[in-house]
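Fit chain V to the supplied structure of chain R, relying on the hints for placement.
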Amino acid sequence: MSLRIVVTVKYVPDATGDRHFADDLTVDRDDVDGLLSELDEYAVEQALQISENSDDDVEITVLTVGPEDAKDALRKALSMGADKAIHVEDDDLHGTDAIGTSLVLAKAIEKAGFDLVVSGMASTDGTAGIVPALVAERLGVPQVTLLSEVAVEGGTVSGRRDGDAASEQLEASLPAVVSVTDQSGEARYPSFKGIMAAKKKPVESWDLSDLGIEAEEVGLEGAWTKVESAAERPARTAGTIVKDEGEGGKQLAEYLAGQKFI
Amino acid sequence: MAEVLVYVDHVDGAVRKPTLELLTLARRIGEPVAVALGSGAAGTAAVLAEHGATRVLTHEAADYADYLVVPKVEALEAAVAAVSPVAVLVPSSAEAKEVAARLALRIGSGIITDAVDLEAGDSGPVATQSVFAASFTTKSVVVKGTPVITVKPNSAAVEPAAAAGAVEALDVAFSEKAHGTKVTARTARESTGRPELTEAAIVVSGGRGVNGAENFSVIEALADSLGAAVGASRAAVDAGWYPHSNQVGQTGKSVSPQLYIASGISGAIQHRAGMQTSKTIVAINKDPEAPIFDLVDYGVVGDLFDVVPQLTEEVKTRKG
Numbered sequence: 001m002s003l004r005i006v007v008t009v010k011y012v013p014d015a016t017g018d019r020h021f022a023d024d025l026t027v028d029r030d031d032v033d034g035l036l037s038e039l040d041e042y043a044v045e046q047a048l049q050i051s052e053n054s055d056d057d058v059e060i061t062v063l064t065v066g067p068e069d070a071k072d073a074l075r076k077a078l079s080m081g082a083d084k085a086i087h088v089e090d091d092d093l094h095g096t097d098a099i100g101t102s103l104v105l106a107k108a109i110e111k112a113g114f115d116l117v118v119s120g121m122a123s124t125d126g127t128a129g130i131v132p133a134l135v136a137e138r139l140g141v142p143q144v145t146l147l148s149e150v151a152v153e154g155g156t157v158s159g160r161r162d163g164d165a166a167s168e169q170l171e172a173s174l175p176a177v178v179s180v181t182d183q184s185g186e187a188r189y190p191s192f193k194g195i196m197a198a199k200k201k202p203v204e205s206w207d208l209s210d211l212g213i214e215a216e217e218v219g220l221e222g223a224w225t226k227v228e229s230a231a232e233r234p235a236r237t238a239g240t241i242v243k244d245e246g247e248g249g250k251q252l253a254e255y256l257a258g259q260k261f262i
Numbered sequence: 001m002a003e004v005l006v007y008v009d010h011v012d013g014a015v016r017k018p019t020l021e022l023l024t025l026a027r028r029i030g031e032p033v034a035v036a037l038g039s040g041a042a043g044t045a046a047v048l049a050e051h052g053a054t055r056v057l058t059h060e061a062a063d064y065a066d067y068l069v070v071p072k073v074e075a076l077e078a079a080v081a082a083v084s085p086v087a088v089l090v091p092s093s094a095e096a097k098e099v100a101a102r103l104a105l106r107i108g109s110g111i112i113t114d115a116v117d118l119e120a121g122d123s124g125p126v127a128t129q130s131v132f133a134a135s136f137t138t139k140s141v142v143v144k145g146t147p148v149i150t151v152k153p154n155s156a157a158v159e160p161a162a163a164a165g166a167v168e169a170l171d172v173a174f175s176e177k178a179h180g181t182k183v184t185a186r187t188a189r190e191s192t193g194r195p196e197l198t199e200a201a202i203v204v205s206g207g208r209g210v211n212g213a214e215n216f217s218v219i220e221a222l223a224d225s226l227g228a229a230v231g232a233s234r235a236a237v238d239a240g241w242y243p244h245s246n247q248v249g250q251t252g253k254s255v256s257p258q259l260y261i262a263s264g265i266s267g268a269i270q271h272r273a274g275m276q277t278s279k280t281i282v283a284i285n286k287d288p289e290a291p292i293f294d295l296v297d298y299g300v301v302g303d304l305f306d307v308v309p310q311l312t313e314e315v316k317t318r319k320g
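Chains R and V, in that order, give the protein sequences. 1 is the number of the first residue of the first sequence in my numbering; add one for each residue after it. 1 is the number of the first residue of the second sequence in my numbering; add one for each residue after it.
For reference, chain R alone in the conformation it holds in the complex:
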């Protein structure tokens, strides 16, 4: 038996940088450093743990869709222990929205071959958290998403989803799409050995024609949504700051009463 896992990862602008929009209202990637979305590290970690806990022969492929620099995100995942990587890069992808991204991912996952797709719960830039569900819909396989615990055994994936109202145990047959939360377990740091090994691991590059996708199906022109305007939120006017010298709580109560919160 063998188990083919594809982990989808995203190269995102560093949240601690000065993120803003380019003139075409897409995210400006030139002015901010990028990195592997932190939430995708949990996905890589869970794939590695599934592999370590499996009696089967497991192959982990990391997949990303993004510009040239997105290879850095793949390298990080490879240095953590993934076996190989696929980079989908094409100039026509600029400005692709979530629906378009799910098309590219689904086509690439099908081409790579898979039994299980593992994703992070959301990207740290867009934060919508809908791509795993969209990919499951496109692939026509079950989604087992937002898991804080995940296990794969005998052709079945199971896990725990902690929602607002209840905690649920979920189960589906493979092939399936899984997404994991930041509660699934701390991601490992790449070891020196892992970093050296990653340099020798294969990274395939595919473009839209490799996936049979027409340019007009993706990109800014093909997007299903359009950003009409983006405005920087005005800086908050400086608030009142007091030092507690014994009356800080009372002063705060006075403020809250003035604002009619009490």
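Hints are computed from structural coordinates only; laboratory data are not their basis. Glycine included, every Cβ here is placed at the ideal spot set by N, Cα and C. A few of these clues could be false.
Said to hold, decoys possible - Heads up, simulated DSS-like pairs for lysine-lysine below, C-alpha to C-alpha not over 25 Å straight-line: (1) 111(R) - 177(V); (2) 319(V) - 260(R); (3) 243(R) - 316(V); (4) 243(R) - 286(V); (5) 279(V) - 243(R); (6) 250(R) - 286(V).
What the hints assert, rightly or not - Short, incomplete list of chain R residues facing chain V, as computed with Cβ under 10 Å: (7) 16; (8) 18; (9) 19; (10) 27; (11) 126; (12) 142; (13) 143; (14) 158; (15) 172; (16) 173; (17) 176; (18) 225; (19) 226; (20) 229; (21) 238; (22) 242.
Frame of chain R, contents of chain V only:
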């Protein structure tokens, strides 16, 4: 007049507040037609009618509880086919967003998630979103298909508006795909008696400065005096001091209450991403250099174990 589908988030017939907010927004675009699914669906009709639903489409089946997401997608797909709405509005809960996404794909439409406001535009609804840790505000439209838009809690005031609210049975036939992911067990979260975090008008949060699970009682006491929900920063959750379900921030809940009180929270970007759209922000922190003070309307530099209990006492006294 054009009809707008509104997906109803309810627990055994009790409609959650974000759905009532959606009905207010839906009326700006057209006539709201509500879709209530699962156990107790018909029981939602009265309150939906009071808030403007002209029709309430219901379908009760065990499948909604027994299988994940897809049965709801297929029911909404049936509702879209039956109603031909000009837009579909869905609350921005984790599950409902997934339902909305798969629906959008099935009906060949674009999707906008986590809108914080909605208005009628020349070519359909225009959604406002707050992005990059709330440092930017964008306005977006769906350009293909029937706009599917998910809306965050506290994006509109709940406004009563009497309408017919006629209950009609929705005809739903589940495909094999609806039963792909089975829910094998469900443990209801124990109620704390406090408001739900994302819906609360006031949120009181604790962070690293709270320094221990046992000390969260100080935060809870303040929250209870104000009738508020309790939040926690990632540092506090990762330390095991408070449940993940109460985490405010990029990887937890995003909140937008009238009043947010941060205690012992430095205000890292990941936390700010989850609370920066709060209307009034108050912080209590020992470190005068903490970045949270850049956001506040009112800040107290001091030890939270002095300031918070004093504030709690004062709130109780003033409330009598």
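Outcome of the hint check:
1. 111(R) - 177(V): Measuring from Cα to Cα gives roughly 22 Å; hence the hint holds.
2. 319(V) - 260(R): holds, 12 Å
3. 243(R) - 316(V): Roughly 23 Å separates the two Cα atoms, so the pair holds.
4. 243(R) - 286(V): holds, 9 Å
5. 279(V) - 243(R): holds, 23 Å
6. 250(R) - 286(V): holds, 17 Å
7. 16: holds, 5 Å
8. 18: holds, 9 Å
9. 19: It holds, given that the least Cβ distance between residue 19(R) and chain V is near 4 Å, below 10 Å.
10. 27: holds, 8 Å
11. 126: This hint holds: residue 126(R) lies near chain V, its Cβ roughly 8 Å from the closest one there, short of 10 Å.
12. 142: Holds - the Cβ of residue 142(R) comes within 10 Å of chain V, reaching about 3 Å at its closest.
13. 143: holds, 6 Å
14. 158: Since the shortest Cβ distance to chain V is 8 Å, the answer is holds.
15. 172: Residue 172(R) check passes; min Cβ-Cβ to chain V is 4 Å, inside 10 Å.
16. 173: holds, 8 Å
17. 176: holds, 8 Å
18. 225: Result: holds, 4 Å to nearest chain V Cβ.
19. 226: holds, 5 Å
20. 229: holds, 5 Å
21. 238: This hint holds: residue 238(R) lies near chain V, its Cβ roughly 8 Å from the closest one there, short of 10 Å.
22. 242: Cβ of residue 242(R) sits 6 Å from chain V, so the hint holds.
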